[in-house]
Structure formats: structure tokens, C-alpha cells
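Novice: Please model the complete structure; the sequences and the hints are all you need to start from.
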Amino acid sequence: MLKLLMEIIDRVFEFIQSGNLFVFFTKLFGIVLGGLYLFFTLVMVQQVITLKKVVEVHDRGILLLLSQIQFVAAIGILLYAVVIL
Amino acid sequence: MPDISPLPKLQSHSVFHTFCKYPQVAFESQHEHEIVILTLRAHPFTQTNWIIISIIGFLSPFVLDVFLVGRAQVLVVLFANVFWTLIVLSFAFYNLLRWVFNVGIITNERVLDVDYVFIQKEITEAAIYDITDATARTTGFFPNLFNYGDVFVQTAGTNENIEFLAVPHPNEAVGIINQFAQATHGDN
Numbered sequence: 001m002l003k004l005l006m007e008i009i010d011r012v013f014e015f016i017q018s019g020n021l022f023v024f025f026t027k028l029f030g031i032v033l034g035g036l037y038l039f040f041t042l043v044m045v046q047q048v049i050t051l052k053k054v055v056e057v058h059d060r061g062i063l064l065l066l067s068q069i070q071f072v073a074a075i076g077i078l079l080y081a082v083v084i085l
Numbered sequence: 086m087p088d089i090s091p092l093p094k095l096q097s098h099s100v101f102h103t104f105c106k107y108p109q110v111a112f113e114s115q116h117e118h119e120i121v122i123l124t125l126r127a128h129p130f131t132q133t134n135w136i137i138i139s140i141i142g143f144l145s146p147f148v149l150d151v152f153l154v155g156r157a158q159v160l161v162v163l164f165a166n167v168f169w170t171l172i173v174l175s176f177a178f179y180n181l182l183r184w185v186f187n188v189g190i191i192t193n194e195r196v197l198d199v200d201y202v203f204i205q206k207e208i209t210e211a212a213i214y215d216i217t218d219a220t221a222r223t224t225g226f227f228p229n230l231f232n233y234g235d236v237f238v239q240t241a242g243t244n245e246n247i248e249f250l251a252v253p254h255p256n257e258a259v260g261i262i263n264q265f266a267q268a269t270h271g272d273n
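In order, the protein sequence lines correspond to chains E and B.
Quick note: the first sequence uses our numbering, first residue 1, plus one each step.
Quick note: the second sequence uses our numbering, first residue 86, plus one each step.
Don't read these hints as lab results, they were simulated from the structure.
Hints may contain errors.
Claimed, not checked - Below, a sample of chain B positions facing chain E; criterion: calculated Cβ distance under 8 Å: (1) Glu113; (2) Val154; (3) Leu171; (4) Val188.
Since this is a predicted model, take the numbers as computed values, not measurements.
Ideal Cβ placement from N, Cα and C applies to all residues, glycine included.
Specialist: So, in C-alpha cells, the structure goes:
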């Protein structure tokens, strides 16, 4: 366990010393933003579901669909930040 | 509940469904024989601010990219563009929700004001027989031009007063509220 932890720390230091700090922070920034946006869209989906129960707006499900599209897009942007960025 | 309907029950919508008479809408705490007489939302003109901001926000990456291309990595620029576009779309969507779900409902039994701000929902209601007075206020150039204004509903005693802000045809709305309030007072 300790050996594995030391190996991870070694790799992190190796990565930092390799001069890719800008890339690292860009990726970190992207992941944090993507995560926050994902949380925001999840809240929006829940809000739309709750609000539609409060008042009927005859939107034919468009508002819920739009909020769900945002949620899917948020997953996409988070994956982009994790995998590609 | 006695039938207090001084108005003909004709369904009508005007100003982009912001002033709807006898709309076939339902709400969460609606009673069995409760009829929705009028629904009010803010006049569409009051929504132009966020629409313009959204359009500018949506177009701004096209201008900024001219300066970024060649200076930053393509993948980073692409991420920034996509993320910015999503933020702008979310901003527009949130404001759309605020407009749609900030609604005033006048029924034959009560007046409700549904207010929605992010993660906050507030419903204020007053029984129609508690209403002592309803007044309309239209101030400013654009409100007079597009015929929208604020409606204030005063209630008796310690009950909370209700206000519908920037709604179309405020005088007509006040007329309807007062008609129903007076009809109820007449019954008692």
C-alpha cells in the first residue's frame, strides 16, 4: 500500500518536473469547471421537474428536454476535460 | 363555493401568453372546484435585457477567437468556446425558466403569486374574500408604450400583500381582481 502511494507521489513529481505544469493546470481547471457545471445542470433538471409540478405550463416537455440536453452536454464537457484536454 | 363569475368564460391569450384569461392550467394546490380566471407573467419586453446579453455572449467567441488562434492550443480554445457557449445557453435557459415560472394566478377562490429564483421557490397566496383593494401602477416610457405595469393586491389584516410586477394590461387585471373580490364580498 505504502509502496503504491510512494509510486503515485513519484509519478506526480515526475509529471510536475517534466514542464507540463500549464497543461496540468489547464486540465485541472477544465475538470473543476466541468464538474461545477455538471452540478449546476443537475440542479436545473431537478428544478424544472419541481416547478412543472407547481404550475402547469403546457410546454410539451420542451423545458425538461432542454435541461436534460444541458446535463448531457455537461457530462460531455467534463469527459472532454478529463480525456482530451 | 358559490359561483362568482361576472366574466364570460372565454379562453384568450395575449402578449405571448403573458396575459391569459381562463387558461386551462392547473397548479399544485388547486382545489377541486377552483377555476383559474387569469394568469399573469412579466411582459416580454422586460425580458429583452437577458436576450440581448445572451446574443452578445453567444457571438463573442467568434471575435475573441481571432486573437486566440495561434497563441493558444487548439484543444484549449475549443474547450473554452464550447464551455462558454454552454454557460451562455444555461444563462438564457435559467432566465427563460424565471420568466415562465414567475407567474401570478387569479382563481375564483384566491390570488397566488409564484416566484422562482435559482434554488428558491416562493408561493404567496391570499383568499379572494381577504382582498381589500387592487391597484395598478404604470410608470416610465416603455411601460406606457407597451402597456405593462405593476399590480398590487392589498389584503386584510396581517396577510401578506401580493404584487405582480411588469405584467401586461395592469388596469384590466386590476379590474378582474376587484370584480371578483367585490362579488365575494357581496355574497358574504
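Novice: Does each hint fit the structure? Answer for all of them.
Specialist: How the hints compare with the structure:
no. : hint   : in the structure
1   : Glu113 : 5 Å, holds
2   : Val154 : 17 Å, violated
3   : Leu171 : 6 Å, holds
4   : Val188 : 6 Å, holds
When each numbered hint is compared with the structure, a violation occurs for hint 2 only.
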